[in-house]
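Numbered as in this note's numbering, the sequence shown ends at 1269 without a single skipped number.
It is worth saying that the hints were derived from the structure and are not from the lab.
No residue lacks a Cβ here, since even glycine has one placed at the ideal position from N, Cα and C.
Possibly wrong hints are sitting among the right ones.
Said to hold, decoys possible - Label pairs and their calculated CB-CB ranges:
(1) Ala-1156 - Lys-1086: 19 to 25 Å
(2) Glu-1120 - Glu-1040: 32 to 38 Å
(3) Lys-1088 - Arg-1258: 38 to 44 Å
(4) Asn-1149 - Trp-1083: 27 to 33 Å
(5) Thr-1078 - Ser-1037: 16 to 22 Å
(6) Glu-1000 - Arg-1163: 43 to 49 Å
(7) Ala-996 - Ile-1082: 35 to 41 Å
(8) Gly-1118 - Ser-997: 39 to 45 Å
(9) Asn-1194 - Gly-1167: 17 to 23 Å
To be verified - The calculated DSSO-like cross-link candidates involving lysine-lysine, where the alpha carbons are at most 30 Å apart (straight line), are:
(10) Lys-1086 - Lys-1127
(11) Lys-1116 - Lys-1080
(12) Lys-1243 - Lys-1199
(13) Lys-1086 - Lys-1116
(14) Lys-962 - Lys-1243
(15) Lys-1116 - Lys-1127
(16) Lys-1207 - Lys-1243
(17) Lys-1127 - Lys-1199
(18) Lys-1116 - Lys-1077
(19) Lys-1207 - Lys-962
(20) Lys-1088 - Lys-1127
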Amino acid sequence: MPDNMNAVLKYKILVRKSLLPRHPRLLSYCKLFAAILLGMFMPSFCGCGERRAFSELPPYPQEGAVFRANPQRTGVFPSNGKVPLGKLIWEIEDDPWIRGLVISNNIIYCGHRVLLALDAASGRELWRFMPEDGISSCPSVLDGAVFFGDMIGNLYAIDASSGEEVWRFNAGWGQIESSPVIVDGILYFGSENGSLYALEAKTGKEIWHFKTKGWVVSSPAVQNGIVYFGSHDGNMYAVEKSGSEVWRFDTKNEICCSPAVSDGMVFFGCNNHNLYALDAATGNEVWRFSAGDGIFSSPAICDGMVFFGCDDYNLYALNASTGKEVWRFSTKGKVISSPSLANGVVYFSSLDQYIYALDAASGILLWKYYAEGIGITTPSIFRGIVYTGIGAFE
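Could you put the whole structure together from the sequences, leaning on the hints where they help?
Now the structure itself:
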């Protein structure tokens, strides 16, 4: 481990509106936490309760990892927890802001200024890669490679074992905040230049790109050969793997979060305060739920329930079929982080500086941990441990 691994880097970064809406500056460090996850040992895959069970999705390949746990972006992690409390295992202070993290083969991949590979058990650094500019998307891992975007339009493939660059693709103007997903050898990601791209995952060769009229910071979800993503032009799009448009749905406001796809429905939030459920085949609206403020948190779907955070300080749980509110949990800060689920527990962080664990069925607080920093990074869950990055305001 480098001597400065535990040093706090003392510089500021300006947070773009699209990344952290209406929150002006982030302090110059980020802590990466590993905390013991609360396991409830429910019988179902997610174990959220006795509601209509939505289809159980197969997990991403064991050696792979992706933002929101699977290509459908449902936020449900296959994990076994054993210890009924939130206990800190380790933390490090290094990069200014962890832009999302994934865990594959006992290795954490994360970063902002540099891409870090860390031992998941101890936090020990294994290697680091310096991109041409700072990292702007959560990495994805598959087939021995780590994929991520930077702030000047580069999409990288890095050898997961050595940290050596395999290839890079330049999408032109605009940073890449959209986290890539790989399905059937094709890598999909969005760019601030307004396009969704499809590349050959092995070579980085462009197959096609689909142009919209706004930034594409939403991370695409893929189900049955259809790619779903949102744009700042206000539309949620469905595009075939050939690049042909299937449908679009106009919300008339910016879509910053990523959609989740489950049982023939697409769920996503919008800056207009609404959480939408659309028919995945047609794009027709099934229902909408009006929250108290903008929604930048990507929804999680489990056992017939939809979970999402909101700028109104709440985490919501809705019936996925009807959009009816089941419960809400209030914090003292905006909930920008996306909720993650495992074993009947929903995990999320808030700008009130706490990491929360709630019973997914009832919304009852199981534990909370004061992290001394704002919670923006979405928690990832791996083998009974919840990992998240925490930054702090000035």
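Hint check results:
no. : hint                            : verdict
1   : Ala-1156 - Lys-1086: 19 to 25 Å : holds (23 Å)
2   : Glu-1120 - Glu-1040: 32 to 38 Å : holds (33 Å)
3   : Lys-1088 - Arg-1258: 38 to 44 Å : holds (43 Å)
4   : Asn-1149 - Trp-1083: 27 to 33 Å : holds (31 Å)
5   : Thr-1078 - Ser-1037: 16 to 22 Å : holds (19 Å)
6   : Glu-1000 - Arg-1163: 43 to 49 Å : holds (45 Å)
7   : Ala-996 - Ile-1082: 35 to 41 Å  : holds (38 Å)
8   : Gly-1118 - Ser-997: 39 to 45 Å  : holds (44 Å)
9   : Asn-1194 - Gly-1167: 17 to 23 Å : holds (19 Å)
10  : Lys-1086 - Lys-1127             : holds (18 Å)
11  : Lys-1116 - Lys-1080             : holds (15 Å)
12  : Lys-1243 - Lys-1199             : holds (27 Å)
13  : Lys-1086 - Lys-1116             : holds (14 Å)
14  : Lys-962 - Lys-1243              : holds (10 Å)
15  : Lys-1116 - Lys-1127             : holds (26 Å)
16  : Lys-1207 - Lys-1243             : holds (13 Å)
17  : Lys-1127 - Lys-1199             : holds (23 Å)
18  : Lys-1116 - Lys-1077             : holds (17 Å)
19  : Lys-1207 - Lys-962              : holds (22 Å)
20  : Lys-1088 - Lys-1127             : holds (12 Å)
Hint check: no violations occur; every hint is consistent with the structure.
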